[in-house]
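A.B. asks: Could you put together the complete structure from these sequences and hints?
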Amino acid sequence: MNKLWVLLVIPLIAFAWQAPDLHRVRDLYRRAPEVKKFALQLDQLLSPVDSAASAPVLVCYKGASEMIKAKYALNPFSKLEQFNRGKALINKAFSRDTLNLEIRFIRFSIQSNLPAFLGYHEEVDRDKTFLLENTRSSKDPELQEMITNYLSSLRLISPEELKELKN
6 MNKLWVLLVI PLIAFAWQAP DLHRVRDLYR RAPEVKKFAL QLDQLLSPVD SAASAPVLVC
66 YKGASEMIKA KYALNPFSKL EQFNRGKALI NKAFSRDTLN LEIRFIRFSI QSNLPAFLGY
126 HEEVDRDKTF LLENTRSSKD PELQEMITNY LSSLRLISPE ELKELKN
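Read left to right, the sequence shown gives residues 6 to 172 (the working numbering).
Keep in mind that the hints were calculated from the coordinates and are not lab data. Predicted model, so just to flag it, every value in this text is computed and none were measured. Among the hints, a few may not be true.
[Unchecked claim] In the DSSO-like style, the derived pairs of lysine-lysine whose C-alpha atoms are separated by at most 30 Å in a straight line are:
| no. | residue 1 | residue 2 |
| --- | --- | --- |
| 1 | K41 | K97 |
| 2 | K41 | K133 |
| 3 | K76 | K41 |
| 4 | K168 | K133 |
| 5 | K97 | K76 |
| 6 | K133 | K84 |
| 7 | K133 | K97 |
| 8 | K41 | K84 |
| 9 | K84 | K97 |
| 10 | K97 | K42 |
| 11 | K171 | K133 |
| 12 | K144 | K97 |
| 13 | K144 | K171 |
| 14 | K76 | K42 |
| 15 | K144 | K133 |
| 16 | K84 | K144 |
| 17 | K133 | K76 |
| 18 | K168 | K144 |
C.D. replies: Shown next as structure tokens:
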């Protein structure tokens, strides 16, 4: 009887937890740095993501969400704690999938916006190069557009690099 119960419950649990919709995660990620409400929604959407069992890209978004939440925290110790938690998640996601374009983009977008005193900017140039070399070959048009729009808005890329990215 117990074995039958386990066999019935496990698929139901797996069915009940669906991975967050990536389109929604991306949309909230774009908006969260500017509007606290979206940061909280992103955090809520990613709350079931497990750093060991979930897809690395979702783990990376969860790490980025932690860092974005730190922006809105009032207590400096809370800010640092959230920053460190987010950094650990991003690094874990990256170590699980080093060639993932979206993970590189998330890490780049976080590192290129952090103050230098936090010391989390060592991969900006490498990630920028990776993004410039690989964005056009992505089979995900939404991701391509997101990366291209983000890079276009920065002063970190030259007009020549931008032209190459868009062609």
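A.B. asks: Please list, smallest to largest, the hint numbers that this structure does not respect.
C.D. replies: 16
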